[in-house]
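Participant: Chain residues, written in single-letter form:
Protein chains: 2
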Amino acid sequence: MIPVKAYAAQSPSSALAPFQFERRDLKEHDVLVDILFSGVCHSDLHQARDEWGGSMYPMVPGHEIVGKIIKTGVQVKKFSPGDLAGVGVMVDSCRECRPCKNYMEQYCAEGMTGTYNNYERDRVTIAQGGYSTRIVCDERWVYHISDKLDLAGVAPLLCAGITTYSPLKYAGVRPGHKVAVAGLGGLGHMAVKFAVAMGAEVTMLSTSPSKANDALKLGAHHFVLSKDAAAMKKLESHFDVVLDAVSGNHDYEIYLKLLDVQGKLLVVGLPKEAPRVSPFELIKNRRCILGSMIGGTLETQEMLDFCAEKNIVADVEVIPMHYINEAYERMLKNDVKYRFVIDMASLK
Amino acid sequence: MIPVKAYAAQSPSSALAPFQFERRDLKEHDVLVDILFSGVCHSDLHQARDEWGGSMYPMVPGHEIVGKIIKTGVQVKKFSPGDLAGVGVMVDSCRECRPCKNYMEQYCAEGMTGTYNNYERDRVTIAQGGYSTRIVCDERWVYHISDKLDLAGVAPLLCAGITTYSPLKYAGVRPGHKVAVAGLGGLGHMAVKFAVAMGAEVTMLSTSPSKANDALKLGAHHFVLSKDAAAMKKLESHFDVVLDAVSGNHDYEIYLKLLDVQGKLLVVGLPKEAPRVSPFELIKNRRCILGSMIGGTLETQEMLDFCAEKNIVADVEVIPMHYINEAYERMLKNDVKYRFVIDMASLK
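Protein chains in written order, with my numbering: chain P, 23 to 370; chain Y, 23 to 370.
Among the clues, some could well be false.
The list cannot tell twin chains apart, which means a pair is met if one copy fits it or any two copies do.
Claimed, not checked - Here are the simulated lysine-lysine pairs, DSSO-like style, with alpha carbons at most 27 Å apart:
| # | residue 1 | residue 2 |
| --- | --- | --- |
| 1 | Lys306 | Lys123 |
| 2 | Lys123 | Lys256 |
| 3 | Lys332 | Lys294 |
| 4 | Lys93 | Lys249 |
| 5 | Lys249 | Lys90 |
| 6 | Lys191 | Lys170 |
| 7 | Lys294 | Lys49 |
| 8 | Lys249 | Lys294 |
| 9 | Lys355 | Lys123 |
| 10 | Lys306 | Lys191 |
For the record, the hints were derived by calculation from the structure and aren't laboratory data.
Here chain P stands alone, though its shape is the one from the complex (with noise of 0.2 Å):
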């Protein structure tokens, strides 16, 4: 076994605090991977407070993982020691479903298997994440990383990055489009840079009008409040595409009122309270709600290498292990740009 020194929750109610524990030894097609960057999600957040329920203790959480090869299983094909690795938010599936079939993995009809607060395929292993120095993964969901971007900047790829490239590269977004992104955090902030290097004509929609210079930093074509009713107006049936990254309550009326003929509304965002559709506004102009979980193993890679090809990388606030309870209250406040990253060579 392969001693590990990590962060963990040891209760909905404990802050996060040094654990050690072991990770299996390698088998034929796993990699070990010595964490570099472990991206901080607001998911890691609602898990280690058991805000969705379920929750299992202790917890590592993490599911925004860089680093480096140290070492391969016999089988091991696509990596070699040394090698930049990612490790994103699964970390096995069934492999046998038609989902899996077509490297759809997070739709796997048994249930993908999380990177933490999971069971592994044995249905006794705790799998457990990234805030910790080292991972053992099957290879095929170890992702290539280009070692031209700066790597803490990488780590929320892997989760932040993937969620919203996954609907945008789905709903076909091009140059010509016209999208608008709802909700600046870690996932809009994504969304804008993808939607922008995909060549479409970018809005960000906002509560909060500080937000403006932000937007237009991130390479947004248009900074609009969307409180502002009468502005709100002239862009209804305006939109090909709105990406919804809002995790606060709403309902989908605002956005679905903005697209134009066949627009997609992405959704992306979980907000606690079931959003409310108005069927009126969804007949017109023939317009569709998208959910959109994550994304497959082939498309991570893919959206890997269009971030290495365009240069993009997530906006990132470096911070040592020990100040992730402090992160965490800060996140809850909205006080990051956009995504905490956690410096690993602090637990070492």
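Position chain Y against the provided structure of chain P, taking the given hints into account.
Facilitator: Structure of chain Y alone, referenced to chain P:
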């Protein structure tokens, strides 16, 4: 001007009663249609009673019209006197916007001209519908009808037919697909017939066990009681397409759950209360909710040709004009299989 006999509502609370008015003389591209049958759509009742607001009186409802051409304008190319012809939910549009240029006139940027309860493009004349002996309409919004089909059964194709055909077609329903239809009324019974004709394996979902036999008679391969939680649980992630033709209040979650990876919930029912959507159910399986409103002029002709080829008509109960108020009361009790159609000879 052309004198016309009709039945009209004079106010939200008055019963429909005999009414006479005049239609315009034929313009170059107009045809004059002698109306033989006029379908009775639930939206006729909503609008006659001003349940959606903004109703204009006097109102001659009716937008499922089948008849015979008796005169053509000098520039008319599609029709000759004696031809069978149909008129549906719209009779005009701006003709200049992108949707109009793409023959998706129902999504006209300026708003389509509804067949009744709407101003004509002159913004002065109130359009009057099919509960009348004759109608004048630009040939673009008039369709060819096969003489092989039962004409009374054809009338509802002009609204209930195209409203369900268009989203099933847009969703790409084809042999091998599993399709569920929720709500067995005017729309639902057409959806079952179309999905079967497109080669899908079709399941009827209904809250009423009494509809099981009817569903199978219409061609559905399976019938499932949607109140049966265990049966519904078994169908989770089962369907490629669910068509929701339920007009009673309900949340979308019950149907969303049934969708397989990249499955589509097609919304054509219009409940009064905006349904809720769980974002967790939406992101699972990359599900989508797609609204759809009737269909464009080219697609309406395509649907009518498909019906002629596949021998599809609506199941109807033919009534005389003076029975309309009683028919409305029976519709409110869902006491019709599945569409009333007025034999317009009864008014001549």
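Participant: Hints first: check each against the structure and report whether it holds.
Facilitator: A quick look at each hint next to the structure:
1. In the homo-oligomer, the alpha carbons of Lys306 and Lys123 lie at most 27 Å apart only across protomers (17 Å), although the nearest pairing inside one protomer, at 37 Å, exceeds that limit.
2. Taking CA atoms no more than 27 Å apart as the test, Lys123 paired with Lys256 passes between copies only; the shortest distance there is 23 Å, against 45 Å inside one copy.
3. With identical chains, the CA atoms of Lys332 and Lys294 are never at most 27 Å apart, being 35 Å at best within one copy and 47 Å at best between copies.
4. For the identical chains of this complex, Lys93 and Lys249 are neighbours neither inside a copy (53 Å) nor across copies (55 Å), given an alpha-carbon limit of 27 Å.
5. In this assembly of identical chains, Lys249 and Lys90 lie within 27 Å of each other by CA distance neither inside one copy nor across copies; the values are 45 Å within and 53 Å between.
6. Within a single copy, Lys191 and Lys170 get their C-alpha atoms as close as 23 Å, which meets the 27 Å cut-off; across copies the closest is 46 Å, which misses it.
7. Taking the closest pair of Cα atoms, Lys294 and Lys49 never come within 27 Å of each other, the shortest separation being 40 Å inside a single copy and 57 Å across copies.
8. When the C-alpha separation of Lys249 and Lys294 is checked against a cutoff of 27 Å, the pair qualifies both within a copy, at 21 Å, and between copies, at 26 Å.
9. In this homomeric assembly, Lys355 and Lys123 never come within 27 Å of each other (Cα to Cα): the closest approach is 41 Å inside a single copy and 49 Å across copies.
10. In this assembly of identical chains, Lys306 and Lys191 lie within 27 Å of each other by CA distance both inside one copy and across copies; the values are 24 Å within and 17 Å between.
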